[in-house]
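A.B. asks: Take the position in the sequence shown, starting the count at 1, then add 3; the result is the number in my numbering.
Honestly, the hints are just simulated from the structure, not real lab data.
Even glycine gets a Cβ: it sits at the ideal position worked out from N, Cα and C.
Where hints are given, some of them may not hold.
What the hints assert, rightly or not - As a list, the in silico DSSO-like pairs of lysine-lysine whose alpha-carbon atoms are at most 30 Å apart:
#, residue 1, residue 2
1, Lys328, Lys277
2, Lys645, Lys616
3, Lys437, Lys483
4, Lys328, Lys259
5, Lys208, Lys235
6, Lys55, Lys44
7, Lys180, Lys438
To be verified - What follows is a list of derived Cβ distance ranges for each label pair:
#, residue 1, residue 2, range
8, Asn78, Lys208, 22 to 28 Å
9, Asn78, Asn326, 41 to 47 Å
10, Pro443, Asn334, 15 to 21 Å
11, Ile63, Glu198, 40 to 46 Å
12, Leu53, Gly240, 44 to 50 Å
13, Val655, Ser446, 55 to 61 Å
14, Gly253, Lys208, 44 to 50 Å
15, Pro443, Ala657, 18 to 24 Å
16, Glu65, Phe96, 53 to 59 Å
17, Gln273, Lys612, 24 to 30 Å
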Amino acid sequence: MSSSQFEFDVHPSQVFSSAGMWHIDRDAHVRVDSTSIHLDKIIAKNEDQLIKLDGIISEIPEDKMNFEIAGFNLNSISALVNLDAMQLDGSLFLDGYASNLYDDGYFSAYSLVEDLSINGYYAGNIETSTSWNTNEQRMELVGELTRSNDISDFAISRGHYYVNRPDNNLDFQFDFKNTDLTFVNAFMPDGVVVEGNTKGAIYLKGELSSPQFKGNLFLNETAVQMEMLNVKYTANGQVLIEPDMVLLNGIPMLDKYGSEALVVGSVFHQNFEKYSYDFFATFDEPFQVLNTNYNMNPLYYGDAFVSGDLSMNYEDILDITINAKTEKGTNITLPLYGSEDVVLKEFVTFVNNEISEEEYKVDLEGINLNLSMDLTNEAEFQLVFDEVVGDAMRANGIGHIDMYIDKFYDFSMFGNYEVSEGSYLFTLKDFINKKFQVKPGSSISWYGDPYSADLDIKAYYPLKASLYDIMPINDREGYKQKADIECIMHLTQNLFNPNIGFDISIPRSDENAKSVLRNLVSTEQEMNKQVFSLLILNKFLPRSDVEEPEGDRLGFVETTTSEVLSNQLSNMISNFSDDFDLGFNYRPGDEITNDEVAVAMSTQLFNDKLTVKTNVGVSHDNESSGGNNNSSLIGDVDVEYKLNPPEGNLRVHAFNESNEYDIAKVDQSNYTQGVGLFYQESFDNAGELFCKLANLFRFGGNNCTECQDKESREKWKAAKKAKSAAKKSKEIEIENSSPD
């Protein structure tokens, strides 16, 4: 062998690299001389991966060095080219050759990447053809991306890589043809998911270590999912791609109900490693910004529809700021669970046992939420208490609340909420289950700690019960008829250790009965006893100075059982429809009262213009009362119609109401009917009131829209006077110009 030539054999061996352990399983012969290199099938394997070299490199242009790569895991490429911010997955298949390497050189290759994924997001299969351009000293690549249906929706129409340039070696053009955008999620921060299709072109410059993208994309039914809020928006519009940012300039975005918001924003990045973004959206019509349940976020959850604006900023942490007004469809729940014991004035003790179930923990790391809300009657809020204070309160009302949640899980609230109407489901260890009505004007105020709110809530539970048991013996015969009763609960002071007071009202009874009741419940202990008797047994406890009839004692179990069954049936019926509030009630009679079966219904029709409330049923003499087996109808109906929606401050009201039995009225009718017109207005001064009243009789564009102060009203009057004078002057001009 001459000094200019040597040869050797590669025996079976193992080679370790960053791509794993490679095995050479057969002898391979290598011969090198001054004019050529001969390789005889060098084959390296790593499990299902294969690299093969075979051929000749020489001065003869026709000699070729063949190379083959099969099943190469792209995970290895990420390590080789130091792509720390981009994790590639998939399998590379490459088949090609190189020739004339002693001169200008040439190579050609075909490659296929199967199941390409970028940072865990599936992109598809990429098929390319690559060759060497000797004159331009560059690699040239063309190819396309296909998915499981083998339809090409992405193409590399130009792909040039200049090997000898120190920088700016990339010159690529990517054409998007209804391309699936799932792969974009590889470059999005956590909590934001993009899906949909796009058209357009993007150009790639720079170098592998610092790629620079530029171009335009047109979104087609593209959706963005905000996982923290569980909302999904669709958009159609143009997106501008710059080397360090993605820009959205006034793209209309729709929620799942079709409401539109206008969005501007940008996503910034530093070589695809450090991300930040800034979005701003305005929405003039009710727009969904929250759609979560307890498991998604136990601090607060529900549906929120608002008008206003929203901004989202991300740089290390995600800041979400919402300044909005609640709209119809909003239903938000705040679980306010406590752990303290409460004693109701030595009458009954409530103990809140610790629950051993594992608590759900929501991951709010790196998130700040600022929510500033003007609350309106269109929105419903539910406060879920522990069973010591009650189960839940639902309310519609007005106010303003600021809520803050930071990355350290701190949750704070500030503001005041005044109830316009609502209900309070009072429960006690599955024994009492009563739906109280919250009185308008009740309020909850927050001063930081959401669990230390100040309460001023009055709620009442309406029922019908006979006053017979509490009246003196000489008067009780005239009070066998069931009367309207209200059990009143007043919650004050701290949310989780409230001062709980009770009262009883008989609004439609005579003064004699009211005086007897006041004397009976003059002590707190006696008041609590009577309230819980009414809630549990639906009747008063007999006076201590009057012997209780045997039949009353035996009827307690029957009355309680019917009450529980009625409540359960009412809950089942109410779940049948969201448009109707339905309830069922059955009360067995005794020696002084009749059996009663009643169904209550309330609903709103014609876009909430018409409100109907009914309570219809039958009252029937029972055997124990010694009656004549007569039946009478229960027929209470209340109808209200808004004449000027949406304000609704001018309404027509009609009703049919059953009368309380009064022994002093011989000719008393069973019902009272009525119809009326009422108007309600808020004003700061008499001038504002008269202005608003006058608007009721103005039509079209003649309404005064500036009723707030005297100066505004005077300007409006002057404008009206000038308009009238101009109209009169025009009429005179027309009259003078008309022919005789």
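A.B. asks: It remains to establish, for every hint, whether it holds in the given structure.
C.D. replies: Okay, the hints, checked on the actual structure:
no.	hint	result
1	Lys328 x Lys277	35 Å, violated
2	Lys645 x Lys616	15 Å, holds
3	Lys437 x Lys483	24 Å, holds
4	Lys328 x Lys259	19 Å, holds
5	Lys208 x Lys235	34 Å, violated
6	Lys55 x Lys44	7 Å, holds
7	Lys180 x Lys438	59 Å, violated
8	Asn78 x Lys208: 22 to 28 Å	27 Å, holds
9	Asn78 x Asn326: 41 to 47 Å	46 Å, holds
10	Pro443 x Asn334: 15 to 21 Å	20 Å, holds
11	Ile63 x Glu198: 40 to 46 Å	54 Å, violated
12	Leu53 x Gly240: 44 to 50 Å	47 Å, holds
13	Val655 x Ser446: 55 to 61 Å	30 Å, violated
14	Gly253 x Lys208: 44 to 50 Å	27 Å, violated
15	Pro443 x Ala657: 18 to 24 Å	21 Å, holds
16	Glu65 x Phe96: 53 to 59 Å	26 Å, violated
17	Gln273 x Lys612: 24 to 30 Å	57 Å, violated
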